[in-house]
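A.B. asks: Residue strings, one per chain:
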Amino acid sequence: MVSVINTVDTSHEDMIHDAQMDYYGTRLATCSSDRSVKIFDVRNGGQILVADLRGHEGPVWQVAWAHPMYGNILASCSYDRKVIIWKEENGTWEKTHEHTGHDSSVNSVCWAPHDYGLILACGSSDGAISLLTYTGLGQWEVKKINNAHTIGCNAVSWAPAVVPGSLIDQPSGQKPNYIKKFASGGCDNLIKLWKEEEDGQWKEEQKLEAHSDWVRDVAWAPSIGLPTSTIASCSQDGRVFIWTCDDASGNTWSPKLLHKFNDVVWHVSWSITANILAVSGGDNKVTLWKESVDGQWVCISDVNKGQGPVSTSVTEGQQNEQ
Amino acid sequence: MNFILQSRMKLKEVDRTAMQAWSPAQNHPIYLATGTSAQQLDATFSTSASLEIFELDLSDPSLDMKSCATFSSSHRYHKLIWGPHKMDSKGNISGVLIAGGENGNIILYDPSKIITGDKEVVIAQNDKHTGPVRALDVNIFQTNLVASGANESEIYIWDLNNFATPMTPGAKTQPPEDISCIAWNRQVQHILASASPSGRATVWDLRKNEPIIKVSDHSNRMHCSGLAWHPDVATQMVLASEDDRLPVVQMWDLRFASSPLRVLENHARGILAIAWSMADPELLLSCGKDAKILCSNPNTGEVLYELPTNTQWCFDIQWCPRNPAVLSAASFDGRISIYSIMGGSTDGLRQKQVDKLSSSFGNLDPFGTGQPLPPLQIPQQTTPHSIVLPLKKPPKWIRRPVGASFSFGGKLVTFANVRTQPQPGAEQQPQPHHVFISQVVTEKEFLCRSDQLQQAVQSQGFVSYCQKKIEASQTEFEKHVWSFLKVNFEDDSRGKYLELLGYRKEDLGKKLIKEEKQESEFLPAAGETFNISISGDIDGLITQALLTGNFESAVDLCLHDNRMADAIILAIAGGQELLARTQKKYFAKSQSKITRLITAVVMRNWKEIVESCDLKNWREALAAVLTYAKPDEFSALCDLLGTRLESEGDSLLQTQACLCYICAGNVEKLVACWTKAQDGSSPLSLQDLIEKVVILRKAVQLTQATDANTVGVLLAEKMSQYASLLAAQGSIAAALAFLPESTNQPNIVQLRDRLCRAQGDPVPGQQESPRAPYERHHVSKGRPGPVAGHAQMPRAPAQQYYPHGENPPPPGFVMHGNVSPNVAAAPLPTSPGHMHTQVPPYPQPQRPQNGWNDPPALNRGPKKKKMPENFTPPVPITSPIMNPLGDPQSQMLQQPPAPVPLSSHASFPQPHLAGGQPFRGIQQPLSQPGMPPSFSKPNIEGAPGAPIGNTMQHVQSLPTEKITKKPIPDEHLILKTTFEDLIQRCLSSATDPQTKRKLDDASKRLEFLYDKLREQTLSPTIINGLHNIARSIETRNYSEGLTIHTHIVSTSNFSETSAFMPVLKVVLTQANKLGV
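Each protein sequence line maps, in turn, to chains A and B.
Basically the working numbering = 1-based index in the first sequence + 1.
Basically the working numbering = 1-based index in the second sequence + 21.
Simulated from the structure, these hints should not be mistaken for lab results.
All values reported here derive from a predicted model rather than from experimental measurement.
Derived DEER-like restraints, expressed as beta-carbon distance ranges: (1) E198(A) with D81(B): 20 to 30 Å; (2) D295(A) with K413(B): 47 to 57 Å; (3) S255(A) with V439(B): 35 to 45 Å.
Taking lysine to aspartate or glutamate pairs in the EDC-like style, the calculated list, with each CA pair at most 16 Å apart, reads: (4) K986(B) with D1032(B); (5) K208(A) with D78(B); (6) K413(B) with D81(A).
Glycine residues also receive a C-beta, built at the ideal position from the N, C-alpha and C atoms.
My request is simple: use the sequences and hints to build the entire structure.
C.D. replies: Below you can see the structure in the form of structure tokens.
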């Protein structure tokens, strides 16, 4: 069952483009073409406006919450070519940093896994991806990948923090040898995987080619302790692909078509346990998908205005299998 | 040639003076067809013509277009369009290229054939028109319909399926004029518009086959160079004028056709071409003789964007149908340029010339960073670094209208903006902009079962829960598991276990009683006289021995005469040592099938059974353990059996190991074994496991005083997995209840924190709770500089903020920085800016009562009442022959009634025990030493090796060194290996069974030595001596070994060595004799 537990009237004056809950699921951040970012306290079914953040000069496309270990921090990106990092200080939200390094609309922001520190990836219509790293005392270091996607980058999504070659946590006290990676999707119809080299430079590691039109969104699935890496991608071409990589080197990715929709697919989002994918399409439809035991992706729900039934056929199939 | 001022937004360019047509939107990849323009001569004044197809490859960063094919044509073109006719949904067949020629001809080309290099590329050709064909358009509803316009007011409608005979939309307009533009309506398929340089536009209705409206501002200055219908609004169209005196774009609405709705006066000179974006009706491109390319909103007139172009005029401009941000413009300087409307790439160096130069220097851009060699920069390039701003308003295609994102706790956040058709005049209704937060539940059965489990835990209704599970079990094994689990909560659990294994104590007991009765009939009456033999035969000798109190000799005699029963009975009278020796001798002689079992039973060597039984007999082995094992070794033995089943057995036996672990109460191993056998990834199979684990843990908590609250690594992992699953289904409270409490594993601590906060209990006046299971990192604000707050902050090393794993988040909730006012207010010795505050561990106000993992705290005593009330007095160990030699445990049990040491039972405070004599069984004198078993108690359970039953539940807290033997110190390990090796060698060369038995015995007895080594209680002299013996054994100098042996025995304390030195001598002697 998908049932509405809270309907938040955002009072935005124009289209909403993103709505994200914080780490605990107690606060909601929204952003809109009305150039504002709003934060609501939605605990216990409430909807108290905590902040109405003004600072962008164009439509705000996305918001992203940083991990709470760094405090209450929200990043937003806008058509005004800016990325703004907002922070709550003594109960008040303020702009803590403004990144103006892009020449065109910044379409996507995504915080790296908290294990790496405070790092934000930003994808822009100028084709570049920038990486902002907090170095302390209000300083942010910028690295830029130019020409990441011709005509523009639409989405960025970090790989979960997994130490290569070991699925089990390393002994504490030892520095884990993380390899930082993220995926991006763009107007060149490509998904690209980027990897930080030992010298700190970002290098294109993989090009994933299957879409025949703009890649609208990419979502790297959360790690659930399995050796497989999974990425979902969706495109203007109406297709949603699930990319998986089983080998340790991380170089062989194979796509599986989840579904071909009749309209552009804007957004894909994994559940925290990485077993359900929410797909948002241009026909304003939201569908939920789950992989059945035989590896097929099955639509388990059509969500309309936050509500929908959930078919249990997948679950039943699993039972029979056992 | 002006390369320097090229736009940064230019993606590609082709040096052609040509008409251009993009491939239809369906087509992938994107192609651009170019046909030599009939109007302009290129620099070479060449009259040759060609049709070319280029691919738009955006992954190639160079400015070059990839040429796919060139076809040398005999025609030059006034107009080129690419229709999707006969194109399948996959875009496999590349549609039709339709060209307007110079002499009234329309030519249809097959682009796929051009690409494959086929010679026959012309599909059809028709020269019905008069003069150059300047206007062409494909009907978007019926892609086989093409409209064309030429001189003399000629308009034809062509059916590509029947190309020979065109239709006309109606009577020709008068006076005859050139048709410069033609366009099908974007909403109504039978409406067509045409326009001419005279400035008039005509709208045709093909159903009526006549013009329905004529559009003209009567200024006589409109010189129509462009005509386009509104992509969304059926009645609106724009006209562009080429006349320098009226360089405007007029927006018309046919409903108000007397005058233009709007006039866009953004160009300084005549407009040569326009293009209306199909992807966003607010974007209209226009290019004019003022050398500008503008993008305007025809609905408002606002200029949204000016493409930075060179000074050349563009005569043709086209949106790419597939990629809405891409447009192409053909200029009179002989070039077609491809631009992005989105603001360009940042490097201003992407020019062909530079590229060409740099190519001589090899791969300049290995990482695709778009930064070619810096030295090649031409000075001018750096000067006008003006930022090209993107469109003033975001194009429609990047405005995401819908979204659904998951968040913690199985919540889904969705929003969808309802599409509106902007109708002119109609005020847009303000819409509510709602965001829905929904709960997603996909695992109903899982939640339901989890709920039942919680209820069982809370109501303590374990027995009925297990019973329900037994009834619902689908497999025999499942039924067994639940039956075993259930037994844990019942009285006489061991007995019940036995029953489950198929052994009913009562049955056996009945049989035994029967036999005993029969035996008793033969017992001589007490008062009868008897005859004491004093003859010279063996009877006489025994009599003599007995009369002199020489039990040893008497026993030997009996044994010699194979009078086993007599021997044993005499040995009992002769004391423990004699009894033990006699037992050994008996077993050495007796060779029946069940000897080993009896041996094990009598010697209390259950380990032997468990270790060496045939695994097919695991049930019997388990039964034996259940019956006989002492509480302190019971668990270990069950474990051992389980481990054997798991490691040696086939898949069927492996699962049976679970039963052993349940008996052992070993949760961790149960988890491991179960996980190995089942696919634990699906929620229901995890539920299957967790149900058992929770119940078993409860049982262990109720029956054992061990710290059941400790959680093994594997169990913790499973429980947190389970909690995560519950959380993902929105059951936050349940997740919290199941999450292990006493663990420091960071992931669990973090999950707990997340769950607690997700519950959303507001902390008044505390927006930000300071407690988090990780280090907090202070992110200071804004730019550096003498900001008040920063100035006084001591410089903290950067790594304080970025642990990068060197400081893994400790569970102790160390905080950095003044994140919380509460904490900041606390007086702290450290710096005000970056304090390290130890906050006490997470309080658990929300902890549910009766959580499954509540520790068995003392104040929970009343719950345990149940056990003592139904307490069956443990059956005493009734026979001395049951006592293994030197076993301190059993010796303690043998002691006469004495206060039970409080320390052993501290966790069972007396007040909580009903009945007042909970330890009766233990405190009772177990039997009178020296009495034959049958006399000690007329209880069938008093048979040799009496079952111990439920005593395990209470003596569990006794010291249990037995189970966890210390290892032999490494330096002395050599002694063990040497002696054992020697015994093995002797065994392999010994021929007679007697010697073998001696050696076997020796092997066992040497355990005493090893124990002493473990305890490190032997004096250095003895140790040294033993090492010397070992060395002599290595050199096979056994006589030397014996000498050393004698020396040790003579110089050391007898009590210290008596347990093992004699055996060692036996071994040495044997070795010497056998010469091994």
